[in-house]
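*Asks:* Here the protein sequences line up with chains A and B, keeping their order. For the first sequence, the positions run 1 to 330 when the numbering used here is used. For the second sequence, the positions run 1 to 509 when the numbering used here is used.
Source of the hints: derived by calculation from the structure; they are not laboratory data. Among the hints, a few may not be true.
[Stated by the list, open to error] With a straight-line cut-off of 27 Å between C-alpha atoms, the simulated DSS-like cross-links for lysine-lysine are:
id : chain 1 : residue 1 : chain 2 : residue 2
1  : A       : Lys153    : A       : Lys260
2  : A       : Lys168    : B       : Lys490
3  : B       : Lys490    : A       : Lys294
4  : B       : Lys490    : A       : Lys11
5  : B       : Lys490    : A       : Lys33
6  : A       : Lys92     : B       : Lys337
7  : A       : Lys92     : A       : Lys43
8  : A       : Lys92     : A       : Lys153
9  : B       : Lys208    : B       : Lys133
10 : B       : Lys171    : A       : Lys11
11 : B       : Lys337    : A       : Lys9
12 : B       : Lys133    : B       : Lys191
13 : A       : Lys92     : B       : Lys446
14 : A       : Lys9      : B       : Lys490
15 : B       : Lys208    : B       : Lys171
16 : A       : Lys168    : A       : Lys33
17 : A       : Lys138    : A       : Lys50
18 : B       : Lys112    : B       : Lys171
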Amino acid sequence: MIRFTSPSKLKALGMLGMNERNIGFIGEHNPRKYYPLVDDKLKTKATALKHNIRVPELYGVIKYQFEIADATRLLHEYDGFVVKPAQGSGGKGILVVTGHEDGLFRKSSGATIDSAEVRRHISNILAGLYSLGGRNDKAMVEALIHFDPDMEKYSCEGVPDIRVIAFKGVPVMAMMRCATHESDGKANLHQGAVGVGIDIASGRAIRAVQHGHLVKQHPDTGASFDDLQIPHWLQILDLSSRCVAITGLGYLGVDIVLDKLRGPMLLELNARPGLAIQVANMAGLMHRLAAAEKIASQTDNHEEKIALARQQFAARLITAYSDDEINTEE
Amino acid sequence: MIASRTQIILIAGTLFFTGVGLTLYKVIALGFPLLPGEYREVWTIESKINFSPSGGPVEVDLRLPENLAGWVILQEHFASSGFGFTVIEESDGRDARWTRQDLNDPTTLYYKLQTYRPTSTPLRNIPERKIEKVPLANDQLAAMNRLIGLLREQSSDTESFVRSLVREFRKPDDAQDRDAQFLLGTFDEPKTTILLEVLAYADIPAQKIRGIRLEDGRKRQRISSLIEFHHDNRWTIIDPSNARLGMPEDFFVWQRGSDALLGVMGGQDSSLEFALVSNRLPAKTVTGMEQRAGAYALLDFSIYALPVEQQGAFKGLMLIPVAALVVVVLRILVGIKTSGTFMPILIALAFIQTTLVTGLSLFLILVSAGLWIRSWLSHMNLLLVSRISAVIIVVIFMMATTAIFSYKMGMHQALTVTFFPTIILAWTIERMSILWEEDGWEEVLKQGGGSLVVAVIAYVVMSNEVVKHLTFNFPELTLSILALILLTGKYTGYRLSELYRFRDMDTHK
Chain A
1 MIRFTSPSKL
11 KALGMLGMNE
21 RNIGFIGEHN
31 PRKYYPLVDD
41 KLKTKATALK
51 HNIRVPELYG
61 VIKYQFEIAD
71 ATRLLHEYDG
81 FVVKPAQGSG
91 GKGILVVTGH
101 EDGLFRKSSG
111 ATIDSAEVRR
121 HISNILAGLY
131 SLGGRNDKAM
141 VEALIHFDPD
151 MEKYSCEGVP
161 DIRVIAFKGV
171 PVMAMMRCAT
181 HESDGKANLH
191 QGAVGVGIDI
201 ASGRAIRAVQ
211 HGHLVKQHPD
221 TGASFDDLQI
231 PHWLQILDLS
241 SRCVAITGLG
251 YLGVDIVLDK
261 LRGPMLLELN
271 ARPGLAIQVA
281 NMAGLMHRLA
291 AAEKIASQTD
301 NHEEKIALAR
311 QQFAARLITA
321 YSDDEINTEE
Chain B
1 MIASRTQIIL
11 IAGTLFFTGV
21 GLTLYKVIAL
31 GFPLLPGEYR
41 EVWTIESKIN
51 FSPSGGPVEV
61 DLRLPENLAG
71 WVILQEHFAS
81 SGFGFTVIEE
91 SDGRDARWTR
101 QDLNDPTTLY
111 YKLQTYRPTS
121 TPLRNIPERK
131 IEKVPLANDQ
141 LAAMNRLIGL
151 LREQSSDTES
161 FVRSLVREFR
171 KPDDAQDRDA
181 QFLLGTFDEP
191 KTTILLEVLA
201 YADIPAQKIR
211 GIRLEDGRKR
221 QRISSLIEFH
231 HDNRWTIIDP
241 SNARLGMPED
251 FFVWQRGSDA
261 LLGVMGGQDS
271 SLEFALVSNR
281 LPAKTVTGME
291 QRAGAYALLD
301 FSIYALPVEQ
311 QGAFKGLMLI
321 PVAALVVVVL
331 RILVGIKTSG
341 TFMPILIALA
351 FIQTTLVTGL
361 SLFLILVSAG
371 LWIRSWLSHM
381 NLLLVSRISA
391 VIIVVIFMMA
401 TTAIFSYKMG
411 MHQALTVTFF
421 PTIILAWTIE
431 RMSILWEEDG
441 WEEVLKQGGG
451 SLVVAVIAYV
461 VMSNEVVKHL
471 TFNFPELTLS
481 ILALILLTGK
491 YTGYRLSELY
501 RFRDMDTHK
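Isolated chain A, as found in the complex (with noise of 0.2 Å):
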């Protein structure tokens, strides 16, 4: 038996959906001709580079077709490198490598390629096949994310990201995605991955969730969730909340990863945020957008934009954490 709930419940919970999103948030809030900026990655990081938020390193840039043979060969210098479309949606047409065996390239994954398959690779990125409405594309080269030690055991073969959710300047939820075998390195959550739901005010984990259900723990590498705390996590808001300002977009989803010896860095920027990151904190959006529309209207300032958020959308009493128990590492 198929059970649904009702749509008063879900009203109540403040359950942000599809129609709601594109008509009242996204149509409302994202001019069109904005859209650009964050649709291809190279202009995100440049615009990022230019307001000195920290973005990946580019090694370089393929254009053309006569191009890839030569770059391919360039790419046996790197360690370990990261290929991605520039136009590319969803986390699609993605080659993470992270060194080298015997003149092969190792995949994140442990499997290796022979340099036929990412020239291959790099010739569907130009072609369009991984890029919004199949246009034709530049591939990206960028420098290999270290992850942070304390974060590395909370995915399996893949990036865990931080997506935030930043209205008008002021953060308003925010999970991380932690890819699984089964979601095979993904950061999707419908595909498997774990949607761990991160309070605004400290950046603990709030509760963890994979296929819709509660879990503990990490279901490969077994790390409890309880235990996660995000490092840097005020340096994370104030670059998301940064990042409305930058774009002209009102409703913005901003993807950080954390590295190693760089800090949290944008990976990319999303127009149309899905719906996931509800699921994930079990708790709706509607809310907190009219409640970060009040914060927006009450102040301009960067800084109290953030503070007024920690304050109003902490899921435990913030008094439990002080600010330099959240940054240690700082």
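Based on the hints, put chain B in the right spot on chain A.
*Replies:* The following block gives chain B in isolation, referenced to the frame of chain A:
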């Protein structure tokens, strides 16, 4: 936000009530039935006379049809721009005559009529005609006499004689009697005329019945002939194309007798073609048309006022808004995922041609075979455009194979495979294949299944008789559909699928 919402509600309200209001006006004031009831099949026949001027004054004569064999002509319309036009009443019928002093370019003249057949009655019994024989050369005469002698031996009466003659003429060349073959070869005339000559030499009075074989949607139908022959004081009709006796059901009788239908003076390369369309009109409307033949204001508001060729096209076109509404509702209110926004509509349109079961199985066969071949193509490392083009060619090849194979197996319905839109199929296969590689087969089943479910529902709605009746007879209802679509575009509530997706949200509190 509030302003744009009020705006939409105002616009949608106006559109909705305009559509419904016009419909009600037509139902109440003009007597259109709201629901399909008793219907008459009304054929609209548009005759096109094409010719090129050969210099000098032009005169075109067309023999007009009469009410014969139960056919009733409801309306007639002539198009004669730049020509003088008269209808001439003669003792044996009516002629339309177009005249013009000089003409430079090839021209088309139109004559449109609407007709239906309340009852199927036999043709009047007229006295037999005097037999006129065409003079023949000696060898032709000898062949003629031998053929008649041979057929007489094989037959017992006039009827069986005529039937064996028609059958003889229908045989393929190599199986034919040598004399029949010789006659057909030496006369520079159509088969039907030679048939009449043979009958004349066999002393059987006979003549042509000219008319049109009715096929809905045919655009360039030619005039056809039946043959009627006189014996035992009555006329019997035989169809020379299949040797069957009696008047075929789908035959509109234009003229009885062998006289020419079309005469063009001052012109050359003349041809007469017919475009045909059948409509199911309410019996009441047809009666009204019959009574007030000529000027019928009611029809000016409808698609019936269009030329016949376009009417046929609009029949299908007016159904598409309904299908679009189905897609909008299923995607926005229910939340079914489909591959490609309007791909389900195109598939549903193909289903209308193929019928549902055949269409579904053909679609599944084509897509799964296509996916299999596409997975092999993906090893070849092709550029995207070449790969999709390759898939298109593979799809066409598979369509041909399916058609030929099933035809040989005696499954004729599979021939309708050609109605599937090739490019759409190729894109579907390409997308499904990428989806498979990236998100796994579950996602392929989900989106492919979703598309098929939407297509099937759209098909069921589009092939519903009431829906067909409403969209064609009340095209203004499309405004109401537009209004509903606009309103749905402003719906911010939850989708049915979200009520399922978020079903566990309340239990963990």
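*Asks:* Decide, hint by hint, whether the structure agrees.
*Replies:* Cross-check of the supplied hints:
| no. | hint | verdict |
| --- | --- | --- |
| 1 | A:Lys153 with A:Lys260 | holds (14 Å) |
| 2 | A:Lys168 with B:Lys490 | holds (23 Å) |
| 3 | B:Lys490 with A:Lys294 | holds (24 Å) |
| 4 | B:Lys490 with A:Lys11 | holds (18 Å) |
| 5 | B:Lys490 with A:Lys33 | holds (22 Å) |
| 6 | A:Lys92 with B:Lys337 | holds (19 Å) |
| 7 | A:Lys92 with A:Lys43 | holds (18 Å) |
| 8 | A:Lys92 with A:Lys153 | holds (24 Å) |
| 9 | B:Lys208 with B:Lys133 | holds (15 Å) |
| 10 | B:Lys171 with A:Lys11 | violated (78 Å) |
| 11 | B:Lys337 with A:Lys9 | holds (24 Å) |
| 12 | B:Lys133 with B:Lys191 | holds (16 Å) |
| 13 | A:Lys92 with B:Lys446 | holds (19 Å) |
| 14 | A:Lys9 with B:Lys490 | holds (22 Å) |
| 15 | B:Lys208 with B:Lys171 | holds (21 Å) |
| 16 | A:Lys168 with A:Lys33 | holds (17 Å) |
| 17 | A:Lys138 with A:Lys50 | holds (21 Å) |
| 18 | B:Lys112 with B:Lys171 | violated (37 Å) |
Taken one by one, the earlier hints fail for this structure at numbers 10 and 18, listed in ascending order.
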